[in-house]
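J.: Here are the chains, one letter per residue:
Protein chains: 2
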Amino acid sequence: MPYRFAHRMRCVPPSFLGKLFAVSTDPRIISFAGGLPSSSFIDVDGLADASRHVFEEEGKEALQYSTTDGYLPLREFISHRYRKRLGLDIPPGEIQIVNGSQQCLDLVAKIFLDRGDPVAMERPGYLGAIEAFSLYEPSFHDVAFGADGPDIEEFGRVIRKVRPKFFYGIPNSQNPSGQTYSYEKRKAVVEVLEGSDTVFYEDDAFGELFFDGRPRKPVKALAPGQCILSGSFSKIIAPGMRIGWICAPAEILSQFNCAKQAADLHSNFLCQKVLSRYLETCDLDGHVRRISAAYGQNCRLMCDLLDDMFPAGMAHTQPEGGMFLLATLPEGLDSMRVFEEGLKGGVAVLPGTPFYVSGGGESTIRLNFSSMDDERIKEGMGRLARVVRALV
Amino acid sequence: MPYRFAHRMRCVPPSFLGKLFAVSTDPRIISFAGGLPSSSFIDVDGLADASRHVFEEEGKEALQYSTTDGYLPLREFISHRYRKRLGLDIPPGEIQIVNGSQQCLDLVAKIFLDRGDPVAMERPGYLGAIEAFSLYEPSFHDVAFGADGPDIEEFGRVIRKVRPKFFYGIPNSQNPSGQTYSYEKRKAVVEVLEGSDTVFYEDDAFGELFFDGRPRKPVKALAPGQCILSGSFSKIIAPGMRIGWICAPAEILSQFNCAKQAADLHSNFLCQKVLSRYLETCDLDGHVRRISAAYGQNCRLMCDLLDDMFPAGMAHTQPEGGMFLLATLPEGLDSMRVFEEGLKGGVAVLPGTPFYVSGGGESTIRLNFSSMDDERIKEGMGRLARVVRALV
Chain A
0 MPYRFAHRMR CVPPSFLGKL FAVSTDPRII SFAGGLPSSS FIDVDGLADA
50 SRHVFEEEGK EALQYSTTDG YLPLREFISH RYRKRLGLDI PPGEIQIVNG
100 SQQCLDLVAK IFLDRGDPVA MERPGYLGAI EAFSLYEPSF HDVAFGADGP
150 DIEEFGRVIR KVRPKFFYGI PNSQNPSGQT YSYEKRKAVV EVLEGSDTVF
200 YEDDAFGELF FDGRPRKPVK ALAPGQCILS GSFSKIIAPG MRIGWICAPA
250 EILSQFNCAK QAADLHSNFL CQKVLSRYLE TCDLDGHVRR ISAAYGQNCR
300 LMCDLLDDMF PAGMAHTQPE GGMFLLATLP EGLDSMRVFE EGLKGGVAVL
350 PGTPFYVSGG GESTIRLNFS SMDDERIKEG MGRLARVVRA LV
Chain B
0 MPYRFAHRMR CVPPSFLGKL FAVSTDPRII SFAGGLPSSS FIDVDGLADA
50 SRHVFEEEGK EALQYSTTDG YLPLREFISH RYRKRLGLDI PPGEIQIVNG
100 SQQCLDLVAK IFLDRGDPVA MERPGYLGAI EAFSLYEPSF HDVAFGADGP
150 DIEEFGRVIR KVRPKFFYGI PNSQNPSGQT YSYEKRKAVV EVLEGSDTVF
200 YEDDAFGELF FDGRPRKPVK ALAPGQCILS GSFSKIIAPG MRIGWICAPA
250 EILSQFNCAK QAADLHSNFL CQKVLSRYLE TCDLDGHVRR ISAAYGQNCR
300 LMCDLLDDMF PAGMAHTQPE GGMFLLATLP EGLDSMRVFE EGLKGGVAVL
350 PGTPFYVSGG GESTIRLNFS SMDDERIKEG MGRLARVVRA LV
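Going line by line, the protein sequences match chains A and B.
So the first sequence is residues 0 to 391, counted in numbering that gives the first Met the number 0.
So the second sequence is residues 0 to 391, counted in numbering that gives the first Met the number 0.
Check each hint, because a few of them may be wrong.
One copy or two, either will do: identical chains are not told apart, so a pair holds if it fits within one copy or between any two.
As the list claims (entries may be wrong) - Capping the alpha-carbon separation at 20 angstroms, the derived lysine to aspartate or glutamate pairs in EDC-like fashion look like this:
1. K216 / E93
2. K184 / E152
3. K59 / D372
4. K59 / D44
5. K59 / D25
6. K59 / D48
7. K59 / D42
8. K343 / E75
9. K184 / E93
10. K83 / D211
11. K184 / E319
12. K83 / E279
13. K186 / D196
14. K216 / E190
15. K83 / D282
FYI, nobody ran anything at the bench for these hints, they're computed from the structure.
Use the sequences and the hints to build the structure in full.
T.: Written out as structure tokens, the structure reads:
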């Protein structure tokens, strides 16, 4: 029988995320295309201990239904860490637990966007956000994202002219570019926002992963009532638990809570408790420092290889943190071509095109540097260099 | 600043589910209002064992990102159990893991419903479904649900006249009524569906919980290409893990997968593995038999008390399984009044009204019989009887 799907299903861009998982399981291919944190930093023993305690001491409760907003001690931990690390005062009542920050993308879009509503984001912007927002059929507007943040003139024009319901951005180590807003850009963004009724949706999946260990002040600190801030344990503890969070002013959070309850009642309660127990005893600062240092080394290695082994015209961003960089191909090279030839040559990259809502990215590729060691990076970049040289 | 929320947020009925959790934690109140399975049947030790094995043997993998469709061995288990228990042939490729069957409600609505699209369901119908569907702003149509299933004449009229995108029903031990479609009604439903382009969305959260242990043939078995079938481990293993599933024809599942990926990438992978490991070794048939027998005793006790202790005019449904029954109050009594006076008298019930999309339910209350033992049921029903007698 013919199924009558909703119109929104025609608005989803063809997904790359799914295909990438297939590539990432083929042992012959070295993949820089995915977005996995390093498995070597997942503290299996520590989480196993925490899990054993939860089963022993509060197993029945951890396995029953719970409340939509999430486990209070976990929200208290998040609140406390914001205060300690960033001087940010976010009470537990303004924090809600979600299934990884991807769920924030879905639910924030759900509570704000009617069909045709304007939404704005960075150009290039995170493809998972583009996918999530697309299902609410908004009109997309984008703002150029440079080495130190968004182009403020374009940002101002978009905010004033199209009045987006919200602007979605990743100020810290952006996905896909790896670039970070300067403090000046953060202030300039907030100046533009003042007096507008556009919400700033600040996705901070990577804020703990600055190579220099120095925290950057969130936009949320400069405009608390106008900001939604999301975070995640996926990049610093374990993505398989699917635990992230959202911070928002009470009025927004109440709508969000309603959407979350309708979406799945609450997030996995067992893992909320295990994580909460784990965080009580682990040295998170030290753990995050070790991850960041390792990713920093990987990133520098990859940048050096891009500078040394590739033909003239190859350029790249200079990440201060996170898991990705964006490389620009020598003139005339198409990223889809590099993607396809790369697979034949045993290396996967992510073409830039799915990061654009209105075309672009044909000359860029995103490279992940978090998920493998030196040797694999060297081998993979060697393969990629051969592919690029052959195509030039 | 004034936040500009989406129109859909005005379409959500005021939620009862949240309030009920608050009531359920007040130790002075005996609550028949919630929907918790009995904590005494949660096999904490068995799940702790399974968890330990997963951490020891495949911890890194269980804690990493995974695929959207869900852990294959778990989907194979579900497929195998359908074949063994119901003679139903659903390959693992037509099964996808979700965060409890509540997430199916959200995502099925998302892939099918544009604003104003017709959707149909039982009258009364599950309030969690009403909440989830409402956010997609459909036009609701309902079909009277009697002791042995939907009124076929009304069902036929709705299917032919309004051509709902899908009809949502709970053929086994429905929520809130506790009633079950007879086999004849299932066949009659399928006869009406034939030649229509309405999908039948069969929510089977309670199918394992028939007091007599006898499985009922799902509607999906009679019209596989036209049915979506959802199930859940929440009622038989542990709700806190938030693991359920959907079975659907490939074309529907591909759209569903796209919506699930945008919603939260994938369900908690650690708990999928723990559950899968647990199911390999536990005696699920025996476990389910013990739960069903206990719920059956509770239900009979509650029915007897309703018959014996309450004023004339009090009536109730006769569940064959599940966790709920629906009681009709003596004429002139209002369920909201009983709800409020009940709280003062130390007993919580759920008024019937939130189970209706177009008014009704003022004279009914839903009573849960799964979450407590004999003594609490007797004490709570005694309190409720006093409240009702005082109001008559």
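J.: Take the hints in turn and mark each one as holding or not.
T.: Here's how the hints hold up against the structure:
1. Taking the shortest alpha-carbon separations for K216 and E93, only the intra-copy value of 19 angstroms comes in at or below 20 angstroms, while the best inter-copy value is 46 angstroms.
2. Taking the shortest alpha-carbon separations for K184 and E152, only the intra-copy value of 11 angstroms comes in at or below 20 angstroms, while the best inter-copy value is 65 angstroms.
3. In this assembly of identical chains, K59 and D372 lie within 20 angstroms of each other by CA distance solely across copies; the values are 16 angstroms between and 41 angstroms within a copy.
4. Taking CA atoms no more than 20 angstroms apart as the test, K59 paired with D44 passes between copies only; the shortest distance there is 10 angstroms, against 23 angstroms inside one copy.
5. Proximity of K59 and D25 under a CA criterion of 20 angstroms is satisfied inter-copy only: 18 angstroms between copies versus 40 angstroms inside one chain copy.
6. Taking identical chains as interchangeable, the C-alpha atoms of K59 and D48 lie at most 20 angstroms apart whether they share a chain (18 angstroms) or sit on different chains (14 angstroms).
7. When the C-alpha separation of K59 and D42 is checked against a cutoff of 20 angstroms, the pair qualifies only between copies, where the shortest distance is 8 angstroms, while the shortest distance within a copy is 25 angstroms.
8. Taking CA atoms no more than 20 angstroms apart as the test, K343 paired with E75 passes in neither setting, with 49 angstroms inside one copy and 33 angstroms between copies.
9. For a Cα distance limit of 20 angstroms, the shortest separation of K184 from E93 qualifies neither inside one copy, at 26 angstroms, nor across copies, at 49 angstroms.
10. For the homomeric pair K83 and D211, the shortest alpha-carbon distance inside one copy (18 angstroms) is at most 20 angstroms, but the shortest distance between copies (58 angstroms) is not.
11. With identical chains, the CA atoms of K184 and E319 are at most 20 angstroms apart within one copy only, with a shortest distance of 16 angstroms there and 64 angstroms across copies.
12. For the identical chains of this complex, K83 and E279 are intra-copy neighbours only, at 15 angstroms inside a copy versus 45 angstroms across copies, given an alpha-carbon limit of 20 angstroms.
13. In this assembly of identical chains, the alpha carbons of K186 and D196 lie at most 20 angstroms apart only when taken from the same copy (17 angstroms versus 55 angstroms across copies).
14. Taking the closest pair of Cα atoms, K216 and E190 come within 20 angstroms of each other only inside a single copy of the chain (15 angstroms); across copies the shortest separation is 63 angstroms, beyond that limit.
15. Taking the closest pair of Cα atoms, K83 and D282 come within 20 angstroms of each other only inside a single copy of the chain (14 angstroms); across copies the shortest separation is 48 angstroms, beyond that limit.
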